[in-house]
Amino acid sequence: MEQVIANGLYLGAQYALIALGLTLIFALMNVLNFAHGQMYVLGGFITYTLYGQLGLPFVVALLASGVTLAIIGALMEKFLFRTVIRRSHREESTMLLAAATAFFFDAVILLLFGEKQRGVPKIVKGVFNDAGIIMPYDRMVVGVLAIAFIAAFVLYMQYSRVGRAMRALAQDRVAAQLMGVRVDRYSMIGFAMGAMLAGVVGGLLVTITGVNSGIGGPISIKAFLMVMIGGAGVVGGAIAGGFILGMMESVGLTVLREYGDVTYLVIFAALMVFLSVRPNGLMGKPWG
Amino acid sequence: MINRRSTLKSMALGAVSTLAIAAVGISSAQAENKELKIGFVGVTSGPAAAWGTSNVRSMQTRAAWINETGGVKIGNDTYNINIVTFDDQKDPKRAIAGMEKMAQEGVHYVVGPNVDDGAAAVRPVAEANGIIYFPYAFPKALYQKPASNAVLGMIANYQSGPAIYKYLKENKGVKKIAFVAANESDPLSQRDGGVEAAKALGLDIVAQNDTYQNDTRDFTPVLTPIVALKPDLLVLSGVAPANAPLLIRAARELGYEGLISTETAQDAKVLEEGAGEYANGFISVGGASTPEIASDAMKEFVTRYTKMFGEYNDESNTKVYALEYILDTLKANPAAINDVAEFKKTMDTFSAPNPFLKGDAKLSYVGSTSFGQKRQLSVPMVVNEYKDGAFQTLFVGSVD
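Residue numbers (the numbering used here), protein chains in the order written: chain A, 109 to 396; chain B, 93 to 492.
So here's chain A without its partners, still in its complex pose (with noise of 0.2 angstroms):
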């Protein structure tokens, strides 16, 4: 049990890392952004190629998949989101314009890196084995810098001016504006963020999991799943939900393991439920 216990808790840490940019941009936008699975796996092929192919530090490849997918992101908002939100009155059309930059993402990726999976040498060697839990030390590092990013992230919004403007414009928009935040400048910035937090996860997931082109559509599912559990657009229930998700796989591939891969069949319908009595998720509204 305290195996699955670690299991659950390591998956967790890294769910809700994945989890956090996206439910950033929706509370920020009302953006359902289709295209952050594609965005994690660029940023793991950015480290890929640079500490896996070309040898450099770690940390450097790491920074370079957040700040090209930081650059990414901005681009995205200030010549496509932010022109459709402005001519468009339907919501549709960004969920269609995030599909179409999904799609876009995926044949680039293809193109670039190529059908393979691919891997990076371990940062952490050695398997930790003792009071029944055996994790290997990799996971143990990149779960405590997951769990590190998610208090710097939390921190950041919560004192910082840029952070406290986009809760402003989260909570109120409309109102932010009127008190002087200026959104266009705020929503590149949360745009960017949340593409940033995407390429970081990509690029650390890489140590462990590794990447390969066809993934991105999976990573979002599993990252609408979490905000969903949660509440979109709130931070602290990306957080819930991500943990939520990883103790359910954990514990279900272990009870159920008998019963044939059930275990999602049992999540979704919990879901189901739960979401017929909960709409919103846990949190179920805008973080302030």
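These are calculated hints, taken from the structure and not from any lab test.
For clarity, every value in this text was computed on a predicted model and none was experimentally measured.
There may be inaccurate statements among the hints.
Derived BS3-like pairs (lysine-lysine); straight-line CA-CA distance at most 27 angstroms [said to hold, decoys possible]:
no., chain 1, residue 1, chain 2, residue 2
1, B, Lys-479, A, Lys-233
2, B, Lys-391, B, Lys-423
3, B, Lys-361, A, Lys-230
4, B, Lys-232, B, Lys-437
5, B, Lys-322, A, Lys-233
6, B, Lys-399, B, Lys-232
7, B, Lys-479, A, Lys-230
8, B, Lys-193, B, Lys-237
9, A, Lys-233, B, Lys-361
10, B, Lys-165, B, Lys-126
11, A, Lys-230, B, Lys-322
12, B, Lys-399, B, Lys-322
Pair ranges (Cβ atoms, derived) [what the hints assert, rightly or not]:
no., chain 1, residue 1, chain 2, residue 2, range
13, B, Glu-160, A, Asn-138, 50 to 56 angstroms
14, B, Asn-168, A, Gln-161, 14 to 20 angstroms
15, B, Lys-258, A, Asn-237, 31 to 37 angstroms
16, B, Val-176, A, Ala-259, 50 to 56 angstroms
17, B, Gln-484, A, Leu-164, 31 to 37 angstroms
18, A, Met-248, B, Lys-258, 37 to 43 angstroms
19, A, Arg-195, B, Glu-392, 54 to 60 angstroms
20, B, Lys-291, A, Arg-386, 46 to 52 angstroms
Each residue gets a CB set at the ideal place from its N, CA and C atoms; glycine is no exception.
Chain A is fixed; fit chain B onto it per the hints.
Okay, now just chain B, sitting in the frame of chain A:
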């Protein structure tokens, strides 16, 4: 007067003229040969992209090679090969659309699809439109009468599995065996076939219901309960190349010390990057023309593939064969070029030198034992063991 605008205009006109002359030159050179369209319907995007991509790239490499050296002579005509491709995204509905596209384009020979449900879905379209297709899928119904248009492009798991388990039982003392498979039709049917083979050999099956979502990225929770059962052999049934290193790594990190095997083809580079030394000892059914048995032609194919696409894929050691079989069968009976009934007649007696293997190996159609008719390409069943970045041949078998 010459100004910037007129200079740019002249340059643009010059460029267009040059391109037009080049295009005319190329087309007139190619016009000497007829065109033979060979289709590909398979998965070249998404998580299973590696399967179809190695397929289509093998065909494109071989076609470019043939075209560069003057085309292929079939009967009295010489043809350039044009590979018509369609990405079915591993979706049976799209596979049907792909096969319909091939029919509309007048293609009679199609390589693919790569998975069971896609291969089953395209059968009515292929049969109605006179298309012979070469799936990389294992359901026997595709190859047994009354079906007659599908030709299995590789060794099936129910052919390789028993041979591998028997070898490991006799040579490595395997007694307890566990299976884990993705929750998809191919891996599940391969698992069921593996379980039957293990039962027939009297092995103790300690796990056979464990499955995972194909898009799983972290396999530790999946493998934790299986590793606790301490099997001697862990079979990754129908495992995708992207998942194999992750499963191996998770099992080894959890302390698993037994053997790990699969009946699908894998790529050494992917295993090296994803699992490193943890992958040492991993057993798979490898490419049919591995370095130990590859001919000079196979080595040139690998060089050309690498030059064309930047990196070779070991799965292509098997996937190089389908196009060769199609062309050599057409050479043997040129009437088959637009008549698949003629192709089927030729299959029963067809034999040609195997250009990809050393020695006097032959290309021929097999499958009588498994399917009751010759609806399988004869490729060597090479069982490999991964060791430090490369595959080493454990043993080579064959299929009737």
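Hint by hint, here is what the structure shows:
Under the criterion of a C-alpha separation no larger than 27 angstroms, the hint pairing Lys-479(B) with Lys-233(A) is consistent with the structure, at around 20 angstroms. Taking the CA atoms of Lys-391(B) and Lys-423(B), the gap is about 24 angstroms. The hint holds against a cut of 27 angstroms. With a CA separation close to 16 angstroms, the supplied pair Lys-361(B) and Lys-230(A) stays within the 27 angstroms bound. Straight-line distance between C-alpha atoms of Lys-232(B) and Lys-437(B) comes to about 21 angstroms, which keeps the hinted pair within the 27 angstroms bound.
Only pairs whose Cα atoms come within 27 angstroms are accepted, and Lys-322(B) paired with Lys-233(A) is accepted, the gap being roughly 24 angstroms. Taking the CA atoms of Lys-399(B) and Lys-232(B), the gap is about 37 angstroms. The hint is violated against a cut of 27 angstroms. For the given pair, Lys-479(B) sits about 19 angstroms from Lys-230(A) by alpha-carbon distance, which is consistent with the 27 angstroms threshold. The hinted pair formed by Lys-193(B) and Lys-237(B) meets the criterion: a straight-line CA distance of about 26 angstroms does not exceed 27 angstroms.
Between Lys-233(A) and Lys-361(B) the CA atoms are separated by roughly 20 angstroms; this keeps the pair inside 27 angstroms, and the hint holds. This hinted pair checks out: Lys-165(B) and Lys-126(B) have alpha carbons roughly 10 angstroms apart, not beyond 27 angstroms. Among the hinted pairs, Lys-230(A) with Lys-322(B) is consistent with the structure: their alpha-carbon atoms are about 26 angstroms apart, no more than 27 angstroms. Only pairs whose Cα atoms come within 27 angstroms are accepted, and Lys-399(B) paired with Lys-322(B) is rejected, the gap being roughly 45 angstroms.
Distance hint for Glu-160(B) and Asn-138(A): a CB-CB separation of about 55 angstroms, consistent with the stated range 50 to 56 angstroms. As the Cβ distance of Asn-168(B) to Gln-161(A) is approximately 51 angstroms, the hint placing it in 14 to 20 angstroms is violated. A C-beta distance of roughly 34 angstroms is found between Lys-258(B) and Asn-237(A), which places it inside the suggested range of 31 to 37 angstroms. At about 54 angstroms, the CB distance of Val-176(B) to Ala-259(A) agrees with the hint of 50 to 56 angstroms.
About 33 angstroms separates the C-beta atoms of Gln-484(B) and Leu-164(A), a value consistent with the hinted range of 31 to 37 angstroms. Under the hint 37 to 43 angstroms, the C-beta atoms of Met-248(A) and Lys-258(B), about 41 angstroms apart, fit the expected range. For Arg-195(A) paired with Glu-392(B), a C-beta distance near 56 angstroms keeps the hint of 54 to 60 angstroms intact. The hinted range of 46 to 52 angstroms is satisfied by Lys-291(B) and Arg-386(A), whose Cβ atoms lie roughly 48 angstroms apart.
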